[in-house]
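Given chain C's structure and the hints, the job is docking chain L onto it.
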Amino acid sequence: MSTAPTLEKNPSGGAEPFVRRTVPRGRRLRRGAAPWLLLAPGLIVLGVLLLWPMLRVLNLSLQDYELRNLLRGDSNYVGLDNYVQVLTDPFLWKTVLPNTVGFAIVCVVLTMIVGTSVALFLNSLGTLWRSISTTAIMVAWAVPALTGTYIFVWLFDPQSGLVISALDGLGIMDAGSYNWFTNRWTFYAIATLNVVYHGFPFIAVTMLAGLMTVPDELYEAAALDGASAWTRFWQVTVPTLRPIIAVCVILSTIWDFKVFVQIFLMPGGDGTTREVMNLGVWSYTQSFAQGEYGMGSTIAVLLTALLLVISVVYIRTLMKEEEL
Amino acid sequence: MNRRTPLSQAAKALGVVVLISLSLFPFYWMLSTAVDTSPLSRGASLLPSGITFEHFRHVLFDAGFLRYVRVSVVVALGTVLLSGVIALLAAVAVARFRFRLRTQVLIMVLMVQMVPLEALVIPLFLQARTLGMLNSLLGLTIVYVGFSLAFAIWNLRGFVAAVPRELEEAAYIDGATWGRMFRSVLLPLVAPGLVATSVFSFITAWNEFIFALTFMQDGAKYTVGVGLRTFFTQNTADWGSVMAASTLITLPVVIFFVLVQRNLAKGMTAGAVKG
Chain C
159 MSTAPTLEKN PSGGAEPFVR RTVPRGRRLR RGAAPWLLLA PGLIVLGVLL
209 LWPMLRVLNL SLQDYELRNL LRGDSNYVGL DNYVQVLTDP FLWKTVLPNT
259 VGFAIVCVVL TMIVGTSVAL FLNSLGTLWR SISTTAIMVA WAVPALTGTY
309 IFVWLFDPQS GLVISALDGL GIMDAGSYNW FTNRWTFYAI ATLNVVYHGF
359 PFIAVTMLAG LMTVPDELYE AAALDGASAW TRFWQVTVPT LRPIIAVCVI
409 LSTIWDFKVF VQIFLMPGGD GTTREVMNLG VWSYTQSFAQ GEYGMGSTIA
459 VLLTALLLVI SVVYIRTLMK EEEL
Chain L
59 MNRRTPLSQA AKALGVVVLI SLSLFPFYWM LSTAVDTSPL SRGASLLPSG
109 ITFEHFRHVL FDAGFLRYVR VSVVVALGTV LLSGVIALLA AVAVARFRFR
159 LRTQVLIMVL MVQMVPLEAL VIPLFLQART LGMLNSLLGL TIVYVGFSLA
209 FAIWNLRGFV AAVPRELEEA AYIDGATWGR MFRSVLLPLV APGLVATSVF
259 SFITAWNEFI FALTFMQDGA KYTVGVGLRT FFTQNTADWG SVMAASTLIT
309 LPVVIFFVLV QRNLAKGMTA GAVKG
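Order-wise, the sequence lines are chains C and L. Those letters in the first sequence? Residues 159 to 482, per the numbering used here, in order. Those letters in the second sequence? Residues 59 to 333, per the numbering used here, in order.
A hint or two may mislead.
To be verified - Here are the computed distance ranges between Cβ atoms for each label pair:
no.: 1; chain 1: C; residue 1: Gly190; chain 2: L; residue 2: Leu80; range: 17 to 25 Å
no.: 2; chain 1: C; residue 1: Val242; chain 2: L; residue 2: Ser79; range: 51 to 59 Å
no.: 3; chain 1: L; residue 1: Phe240; chain 2: C; residue 2: Asp232; range: 46 to 54 Å
no.: 4; chain 1: C; residue 1: Thr398; chain 2: L; residue 2: Leu317; range: 27 to 35 Å
no.: 5; chain 1: L; residue 1: Gln171; chain 2: C; residue 2: Leu228; range: 25 to 33 Å
no.: 6; chain 1: C; residue 1: Ile473; chain 2: L; residue 2: Ser79; range: 34 to 42 Å
no.: 7; chain 1: L; residue 1: Ala69; chain 2: C; residue 2: Val405; range: 25 to 33 Å
no.: 8; chain 1: L; residue 1: Leu225; chain 2: C; residue 2: Leu195; range: 21 to 29 Å
no.: 9; chain 1: C; residue 1: Met477; chain 2: L; residue 2: Tyr86; range: 41 to 49 Å
no.: 10; chain 1: L; residue 1: Ala71; chain 2: C; residue 2: Pro397; range: 26 to 34 Å
no.: 11; chain 1: L; residue 1: Gly216; chain 2: C; residue 2: Pro397; range: 52 to 60 Å
Keep in mind the hints are simulated off the structure, nothing from the lab. Virtual Cβ for every residue (Gly too), placed ideally from N, Cα, C.
Next comes chain C alone, as it looks inside the complex:
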């Protein structure tokens, strides 16, 4: 505890003379500096690796910057030209934005529904089966996005994957007759399955922790009043868990807007099929495949701005819940 507040709290209108507790000046300074010394390495790392690059990307987004600019070390400011070009591009409005926003909304809704249902189910189980099932969904959570994506690509492989083999066996579709990865809708259906599978365990585990704190008395009282299970869920569970639900929704929204690896690693997802690009992939390919770092930065800034708005909502929600 710092002693500074006691010193500042000099009551001007007080009758008694204020007795100043003298703490040696050197020690006071050292105490005040201690947290900053401890924080310094961390703040420097975050500043150099996260904040400074964010400023640089903002700066780059105002330039027509290519690799030769880097080699020559010059800049090439074009004002808001990149923004005008991106924002008036029908490709943004017809393809990229729907692929980013629509996909994120569908994923968040599905992840919340699956996660919450699993949490409710786990909450109704005994301790042993609950912990066995929780471990199983932990495995789903732990499978890295990278390898998880390859597993889904293999499951939906048009030639010899499990899904087409099963459909072939049932006589619905012939193996190799259709490539799901070239069609925007089926491509994103597979990506959604992948993202929801990877994301639901976090929601389930968090919601379960919340559900276990809801007092049984609330449910008993509601049941006595004749409320059905459905009514009890909406009238007791949801209002009690509102803060946890809010955090889950916002965190999933942030994650699902940022999806990159799960799209990029699917066949055609790395920019070769332009129809399936989202903001992240567009920014990346614009920079590293086309070499237009300025334009890529502009797209990255738009994505960041979108996430920033959601993050502010997130922090507001969190701040209401607990003292940091």
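Below, chain L without anything else, positioned relative to chain C:
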């Protein structure tokens, strides 16, 4: 609510079976493809057509995954060490001291986690190019320290705050300096938290893909993720080997994660009871 009719018990048992098998299915499909003698003609049969370790041998020794694993391990361990030390110091500062701007520092730590990597990769790539840090294990490690640090600080903060202040005060009364107290009281008590945080930093570095892809252009410096993508693009239909390589990447993460998750919950409840 907790009716114990045979019907509801049977429904629950069925639910458990469905939940567990759906959760584990992709993982199982990966493992069973990796050991399948002929994965391409397996079709929809749930059991592999035969057991072989040929795919593992092929990716480890012929395709060079042993080298990729070594690169990834070095980078991940470096990340764990650096971010562990830096995060612990910062966590002590925010959990133990009340100072001006403390809340702002915490908000910043939260906010930087929202920054999309796609936005950072452009400026950091240009910077690393200027500094000659492309294809450098140190360069990649430093970048990963930045990414894992915010979460590590946030996570450790809880563990440090859970250590009762009275223990620290007792150490001071016994004449310990702050440094001595830190080593002999605080450090042993936050050790479980440090382990959990380290595992998460390890997983962050091990799983990261965008930066590894952009920074490491020399085949000898590929991480496991980039190695897997390169292997996949060159051998698209060789699913047995692709899944064997995926298993090598996935297995350590799954084992670590499941172990630590238990540990983490234990640490939290222990802290709550002591509080």
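Hint-by-hint comparison with the structure:
| no. | hint | in the structure |
| --- | --- | --- |
| 1 | C/Gly190 x L/Leu80: 17 to 25 Å | 55 Å, violated |
| 2 | C/Val242 x L/Ser79: 51 to 59 Å | 53 Å, holds |
| 3 | L/Phe240 x C/Asp232: 46 to 54 Å | 49 Å, holds |
| 4 | C/Thr398 x L/Leu317: 27 to 35 Å | 32 Å, holds |
| 5 | L/Gln171 x C/Leu228: 25 to 33 Å | 29 Å, holds |
| 6 | C/Ile473 x L/Ser79: 34 to 42 Å | 39 Å, holds |
| 7 | L/Ala69 x C/Val405: 25 to 33 Å | 31 Å, holds |
| 8 | L/Leu225 x C/Leu195: 21 to 29 Å | 23 Å, holds |
| 9 | C/Met477 x L/Tyr86: 41 to 49 Å | 42 Å, holds |
| 10 | L/Ala71 x C/Pro397: 26 to 34 Å | 32 Å, holds |
| 11 | L/Gly216 x C/Pro397: 52 to 60 Å | 27 Å, violated |
Hint violations for this structure: numbers 1, 11, all remaining hints satisfied.
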